[in-house]
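**Q** Sequences listed follow chains A and B, in order. The first sequence lines up with residues 2 to 575 when you count with the numbering used here. The second sequence lines up with residues 2 to 575 when you count with the numbering used here.
Note that these hints are calculated values from the structure, not bench results. The beta-carbon is built from N, C-alpha and C at its ideal position, and this holds for glycine as well. Keep in mind that the hints are not guaranteed to be accurate.
Listed next, with one range per pair, are the computed distances between beta-carbon atoms [unchecked claim]: (1) 567/B to 398/A: 34 to 40 angstroms; (2) 413/A to 94/B: 37 to 43 angstroms; (3) 457/B to 9/A: 47 to 53 angstroms; (4) 543/A to 461/B: 24 to 30 angstroms; (5) 553/B to 120/A: 35 to 41 angstroms.
Here's the letter readout for the chains.
Number of protein chains: 2
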Amino acid sequence: MKKTLSQFLPILNWGKEYSKEIFVADAIAALIVTVMLIPQSLAYALLAGLPAEVGLYASIAPLILYTIFGTSRTLSVGPVAIISLMTATAIGAIAEPGTIGYLETAIALSLLSGIFLTLMGLFRLGFIANFLSHPVMAGFITASGLLIALSQLKHILGISISGHNLTEQLASLFSNIGMTQYPALLIGAGSIIFLLFIRNSLENLLKKIGLSDYVASLLVKAGPVFAVMITIILTASLSLDQKNLDIVGMVPQGLPSLQLPELNMDIVIKLGSAALLISLVGFVESISVAQTLAAKRRQHINPNQELIALGMSNIGSSAVGGYPVTGGFARSVVNFDAGAVTPAAGGMTAIGIALATLFLTPFLYYLPKATLAATIIIAVMGLVKIQPMIDTWRYSKSDFFAMAVTILLTLFLSVEAGIITGVASSFILFMYKTTKPHYAVVGRVDGTEHFRNIKRHNVITDPRIISIRIDESLYFSNIRYLENEINKLVAAQPECEHIILMCSAVNSIDSSALESLESINHRLIDANVKLHMSEVKGPVTDKLSKTTFMDDLSGQIFLSQYEAFNALSNNSPT
Amino acid sequence: MKKTLSQFLPILNWGKEYSKEIFVADAIAALIVTVMLIPQSLAYALLAGLPAEVGLYASIAPLILYTIFGTSRTLSVGPVAIISLMTATAIGAIAEPGTIGYLETAIALSLLSGIFLTLMGLFRLGFIANFLSHPVMAGFITASGLLIALSQLKHILGISISGHNLTEQLASLFSNIGMTQYPALLIGAGSIIFLLFIRNSLENLLKKIGLSDYVASLLVKAGPVFAVMITIILTASLSLDQKNLDIVGMVPQGLPSLQLPELNMDIVIKLGSAALLISLVGFVESISVAQTLAAKRRQHINPNQELIALGMSNIGSSAVGGYPVTGGFARSVVNFDAGAVTPAAGGMTAIGIALATLFLTPFLYYLPKATLAATIIIAVMGLVKIQPMIDTWRYSKSDFFAMAVTILLTLFLSVEAGIITGVASSFILFMYKTTKPHYAVVGRVDGTEHFRNIKRHNVITDPRIISIRIDESLYFSNIRYLENEINKLVAAQPECEHIILMCSAVNSIDSSALESLESINHRLIDANVKLHMSEVKGPVTDKLSKTTFMDDLSGQIFLSQYEAFNALSNNSPT
Numbered sequence: 002m003k004k005t006l007s008q009f010l011p012i013l014n015w016g017k018e019y020s021k022e023i024f025v026a027d028a029i030a031a032l033i034v035t036v037m038l039i040p041q042s043l044a045y046a047l048l049a050g051l052p053a054e055v056g057l058y059a060s061i062a063p064l065i066l067y068t069i070f071g072t073s074r075t076l077s078v079g080p081v082a083i084i085s086l087m088t089a090t091a092i093g094a095i096a097e098p099g100t101i102g103y104l105e106t107a108i109a110l111s112l113l114s115g116i117f118l119t120l121m122g123l124f125r126l127g128f129i130a131n132f133l134s135h136p137v138m139a140g141f142i143t144a145s146g147l148l149i150a151l152s153q154l155k156h157i158l159g160i161s162i163s164g165h166n167l168t169e170q171l172a173s174l175f176s177n178i179g180m181t182q183y184p185a186l187l188i189g190a191g192s193i194i195f196l197l198f199i200r201n202s203l204e205n206l207l208k209k210i211g212l213s214d215y216v217a218s219l220l221v222k223a224g225p226v227f228a229v230m231i232t233i234i235l236t237a238s239l240s241l242d243q244k245n246l247d248i249v250g251m252v253p254q255g256l257p258s259l260q261l262p263e264l265n266m267d268i269v270i271k272l273g274s275a276a277l278l279i280s281l282v283g284f285v286e287s288i289s290v291a292q293t294l295a296a297k298r299r300q301h302i303n304p305n306q307e308l309i310a311l312g313m314s315n316i317g318s319s320a321v322g323g324y325p326v327t328g329g330f331a332r333s334v335v336n337f338d339a340g341a342v343t344p345a346a347g348g349m350t351a352i353g354i355a356l357a358t359l360f361l362t363p364f365l366y367y368l369p370k371a372t373l374a375a376t377i378i379i380a381v382m383g384l385v386k387i388q389p390m391i392d393t394w395r396y397s398k399s400d401f402f403a404m405a406v407t408i409l410l411t412l413f414l415s416v417e418a419g420i421i422t423g424v425a426s427s428f429i430l431f432m433y434k435t436t437k438p439h440y441a442v443v444g445r446v447d448g449t450e451h452f453r454n455i456k457r458h459n460v461i462t463d464p465r466i467i468s469i470r471i472d473e474s475l476y477f478s479n480i481r482y483l484e485n486e487i488n489k490l491v492a493a494q495p496e497c498e499h500i501i502l503m504c505s506a507v508n509s510i511d512s513s514a515l516e517s518l519e520s521i522n523h524r525l526i527d528a529n530v531k532l533h534m535s536e537v538k539g540p541v542t543d544k545l546s547k548t549t550f551m552d553d554l555s556g557q558i559f560l561s562q563y564e565a566f567n568a569l570s571n572n573s574p575t
Numbered sequence: 002m003k004k005t006l007s008q009f010l011p012i013l014n015w016g017k018e019y020s021k022e023i024f025v026a027d028a029i030a031a032l033i034v035t036v037m038l039i040p041q042s043l044a045y046a047l048l049a050g051l052p053a054e055v056g057l058y059a060s061i062a063p064l065i066l067y068t069i070f071g072t073s074r075t076l077s078v079g080p081v082a083i084i085s086l087m088t089a090t091a092i093g094a095i096a097e098p099g100t101i102g103y104l105e106t107a108i109a110l111s112l113l114s115g116i117f118l119t120l121m122g123l124f125r126l127g128f129i130a131n132f133l134s135h136p137v138m139a140g141f142i143t144a145s146g147l148l149i150a151l152s153q154l155k156h157i158l159g160i161s162i163s164g165h166n167l168t169e170q171l172a173s174l175f176s177n178i179g180m181t182q183y184p185a186l187l188i189g190a191g192s193i194i195f196l197l198f199i200r201n202s203l204e205n206l207l208k209k210i211g212l213s214d215y216v217a218s219l220l221v222k223a224g225p226v227f228a229v230m231i232t233i234i235l236t237a238s239l240s241l242d243q244k245n246l247d248i249v250g251m252v253p254q255g256l257p258s259l260q261l262p263e264l265n266m267d268i269v270i271k272l273g274s275a276a277l278l279i280s281l282v283g284f285v286e287s288i289s290v291a292q293t294l295a296a297k298r299r300q301h302i303n304p305n306q307e308l309i310a311l312g313m314s315n316i317g318s319s320a321v322g323g324y325p326v327t328g329g330f331a332r333s334v335v336n337f338d339a340g341a342v343t344p345a346a347g348g349m350t351a352i353g354i355a356l357a358t359l360f361l362t363p364f365l366y367y368l369p370k371a372t373l374a375a376t377i378i379i380a381v382m383g384l385v386k387i388q389p390m391i392d393t394w395r396y397s398k399s400d401f402f403a404m405a406v407t408i409l410l411t412l413f414l415s416v417e418a419g420i421i422t423g424v425a426s427s428f429i430l431f432m433y434k435t436t437k438p439h440y441a442v443v444g445r446v447d448g449t450e451h452f453r454n455i456k457r458h459n460v461i462t463d464p465r466i467i468s469i470r471i472d473e474s475l476y477f478s479n480i481r482y483l484e485n486e487i488n489k490l491v492a493a494q495p496e497c498e499h500i501i502l503m504c505s506a507v508n509s510i511d512s513s514a515l516e517s518l519e520s521i522n523h524r525l526i527d528a529n530v531k532l533h534m535s536e537v538k539g540p541v542t543d544k545l546s547k548t549t550f551m552d553d554l555s556g557q558i559f560l561s562q563y564e565a566f567n568a569l570s571n572n573s574p575t
């Protein structure tokens, strides 16, 4: 593929076709997304243990940078629930929430994560994200959703809950539950009920009273904004903040200043593994959202360019004093549904959020934290899913094992331990499987030229011949197993004079496998057994012919297994 | 397979059939191997930086334990060159050669390595050794051979050479070469020439003067013993030890005492990685020798039981004050050629070495270290091979890369860095390859029911149909690539209405791949494209039918690709 500048700056692709119609569509989408993002950004910043305005900052620069570098037309980049939780966990281990050090660490984490993502993109290492398998991700998201919901209960109840895992948090919850503050409970539980009502019933209600589908769905999406406005008015008018209700308080007005944090070796060592995990999890989440939306319009996502775009977004977030961001599911779907056509919608959303930080922040003073907690709880409820666990259990026990390990460790030990152990266990299971190539001893189906597994079919064999169908490419990790199996088969069948390797599914043979085949050949010569091969693919034959293997082979290479069996057997039909 | 006691104690298998004839054969082999092992054991102990007698001790207990636990009939376990070098490197990093601490560390290393091997065997983790690919092992052995030969030059020249890698050692060699001691050079170079003559010319000469092939080959194998005897006599009679010739000196007489070293957490941490590497390298060397010899007699080696046997051998070596051991190539081949029938030959060899420690050690006083260095240099010359490098370069550039990295880092950085980086690089290349499944877009060969790659053959296609033949099993590490490729293909062919996945080579689909197939299906529905599958294997269909995948599939599952193409295409022949 030719490398062009537009591959690195996808904005050049869609920018040149930009029109007034597209602008209008993008602007409407931007307005809707902005309204939705204001409470969401504040809420996720609080979830990460950061001041509310940090969430707004993290929604400005990343959106602009993704507009320039991203390959998805509709992905919306900013603070998301899981990454906020991971940020809180990572920073909580080295700084005290509420301190300057905590905020500075979050900014450094975002920079580090941005650098990792950009490097992975430049070196085309996106494939590393493949190792976060679906069961591990699903388990991790479910467990994180539970942890997030639980962590928000403190705002709903107006009590303090501490601890990084379920056991600690539950213990803390039960010991403090007697101190529940009723104003918080009123606002928090009220918001939850209100949001559930909006989500479950309002749309139909609005349609019944004659509103169009489009307006009805817009009003539903603005639900959290209504909850925010109503509870601000309630708190201010009833002076609930005097009655032990936690409020957001003073939010600095104006745009953030531009400044990159200093990265020293000490920070890189302390935050390195957390930044890498956040990068990978964020990338996997983002790319699957991007691909889902792109496919609906037959557009194409370039994973390595996405890494660069997310990397730039995180570096940008860091530069404005934000924290780690990624492409979010809810915000991107709203953007898509609201009719965004190009990433310019994201850029305009950034302007919307910037205007909010300039003019709206004074109104957020009386915003109860309980309201934001309610919006988070409603948002993460959708993350906790039981059905995939049941499906995975039924489909594959080893995948379920990796999933269960991830869930249990995330809940009861820590978020990082959960995902690392999950990846490690799926990796070990995978490695173990790759060390055992799929193979079958085959015989001829009577009256045909087909060869089938002797264990499953009634086939014709010859005690002097062992035919082995190899169902996978041969390489260093699986060749020794095959070597050992061939030794076993020969040792168990003393009449054997010929081994035929049927290679119809062998796409490649690496140097290790070649050398092992050579030593199998020599050992079989010592045991007076000839080694033959059949149905070797063209590219494999080409490579083998560069070596002396074919000359040294004690037997022959046959075009088909039928031909091989015919030539060597007494039981052949001819 | 039924587990029987004889699986864990293979001695029970061959022990019950033991006869007088077998005893005589084993005893003769044991005598020959003993004669060969005495100088070899002394030499390798010096290579490891240990007192000479430690080599003898390490040749007693391991042989006895392998006799009980080993599955190879002819493998000979004891000190070998590469493991001795690795031992010297590992211990040299934490203790000073010649000190009690150095010896104690060697003993602890042997115990730790024995424990690792035994655990790997019990937990059936032998497959881990698969990840030491052939190119990495070949590169490592060649580089180690060079380092070993160079390290012995100090004894041949009678000077001191220091440093753990080639650069340091060469610098040290050139700065000290002016201090060459002529007695050492005389004995050392003389021994090398003598040994080369014996190896290259003596056998034919002896046959010419009428000796039988058997006797001639025996005398050749005893070559090092003659060199030892001649140089001892020369040194003693000319008092060369007074003329700056380094001699072995006082070797303690008698059997070693039994005592296991204490292992504390500190030692485990310091030696852990070295012990693991030594275990894996030793195991790979040993198992390939064992398999080569076993195949000649159609016997079978059980890799996991071999791990246990090597583990016990190392624990045994440690208990008698020895150092890490493994199955050696040269010693095992001599044992095999000398006619050993059962592992009892090894047990008798142990008795032979024990007798040597009881009665022969006084005669070793005047043995010049230069003689032992000469035997080592001759032995490791065979390890340095250029041809495999050329072959690997021609066969596979990525395998050659892993090999070159291993060689260069082993030579110029350290033995451990070399093998670790080699394994890591072959692993990364492997992971990278597994993330890209082999696939081909196929079309129908005119006049046949066969489907072939559209890039290689002139085939019939239909712009409304994309047929993709998947050549590998689908799992988490490769499914995202396929997902992306399908997206690309659909985005590039706007007329496309049907995708057919031809699954003839798909042996399994894991949960991640299943979920990705589901989302591919849903995305294609959004893009008005139907997803079909053909030639799905029985076991795969069985598993898929446990899920809702087949019900949700927008298209159909066809028995053959021909049937699928026929049913969907306008270009079908019917």
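**Q** Next, verify each hint and record whether it holds.
**A** To see whether the hints hold, each was checked on the structure:
The hinted range of 34 to 40 angstroms is satisfied by residue 567/B and residue 398/A, whose Cβ atoms lie roughly 39 angstroms apart. In this structure the hint that residue 413/A and residue 94/B lie 37 to 43 angstroms apart at CB holds, the actual value being about 39 angstroms. For the pair residue 457/B and residue 9/A, the supplied restraint of 47 to 53 angstroms is violated, since their beta-carbon distance comes to about 33 angstroms. Look at residue 543/A against residue 461/B: about 26 angstroms separates their beta carbons, and that is inside 24 to 30 angstroms.
Look at residue 553/B against residue 120/A: about 39 angstroms separates their beta carbons, and that is inside 35 to 41 angstroms.
When held up to the earlier numbered hints, the structure conflicts with hint 3 and nothing else.
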